[in-house]
Amino acid sequence: MQQSSGINGANLVDPALRAMFEARKRVFVDLLGWDVPVLDGTFEIDQFDTPSAAYLVLTGEKCEHRASARLLRSDGPHILRDLFPQLCTGPVPQDEAFREITRFCIDPTLPRADRRSVRNQLVSALADFAISEGISGYSAVAPVPWFRQIAQFGWRCQQLGPCVSIDGQQLVALRIDIDQDTRAQLANAGIYCRNPQPEAYGGMELAA
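Letter by letter, the sequence shown follows residues 127 to 334 in my numbering.
Read the hints as simulated data drawn from the structure, not as lab findings.
Note that the structure is predicted; figures quoted are calculated from it, not measured.
Glycine included, each C-beta is placed from N, C-alpha and C at the ideal position.
Each statement offered as a hint is correct.
Listed next, with one range per pair, are the computed distances between beta-carbon atoms:
hint, residue 1, residue 2, range
1, Val290, Arg320, 33 to 39 Å
2, Ile292, Pro203, 14 to 20 Å
3, Asp166, Gln275, 29 to 35 Å
4, Lys188, Pro211, 38 to 44 Å
5, Ala326, Gln275, 19 to 25 Å
I would like the entire structure built from these sequences, with the hints used as guidance.
Structure follows, in structure tokens:
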């Protein structure tokens with residue numbers, strides 16, 4: 127069992143963030159069966175949910191969770207470097223202008239058509255956020271079927287090393303390079319949505 131970050135349910139004051147951590151528990155613990163920390167029986171929060179993390183959260187009209195992603199600095203603690211470096215043939219990407227996408231989470235209660243739509247909105251938000259914040263790319267760890275989907279979104283995506291079986295899953299590491307052409311590349315693949323307007327948070331906003 128991994129250690130948690132020290133955040134607790136009582137100091138999660140923002141409703142969108144509370145909904146995000148609740149959704150992460152439903153998806154990654156209840157649905158996928160991951161062995162990760164759960165706070166108060168409700169919130170999936172681990173040691174990487176720190177003040178240096180950032181979050182993109184898509185919510186509905188009543189602040190209900192629709193989709194979200196966590197972004198970790200690649201020049202600090204992150205999943206690829208600290209847990210799965212064997213997925214990289216060469217050095218793990220570690221650069222102040224690079225982020226690691228983790229906990230890409232689409233609410234499982236959404237209808238199938240809505241899940242595809244919010245997935246595209248979240249992917250678009252990741253591109254927009256990177257361009258606006260001067261982020262040159264993303265890394266991630268993904269199961270092989272997810273990687274195949276991600277690679278078909280139109281952006282520049284490459285595998286960083288071998289496929290490795292870990293805890294019964296075939297996992298790969300990947301990198302996505304972002305520049306001013308990325309929006310058009312996503313649009314050509316039918317992915318990009320203009321103005322997805324997610325809530326964006328830094329880790330310092332987790333607690334009051």
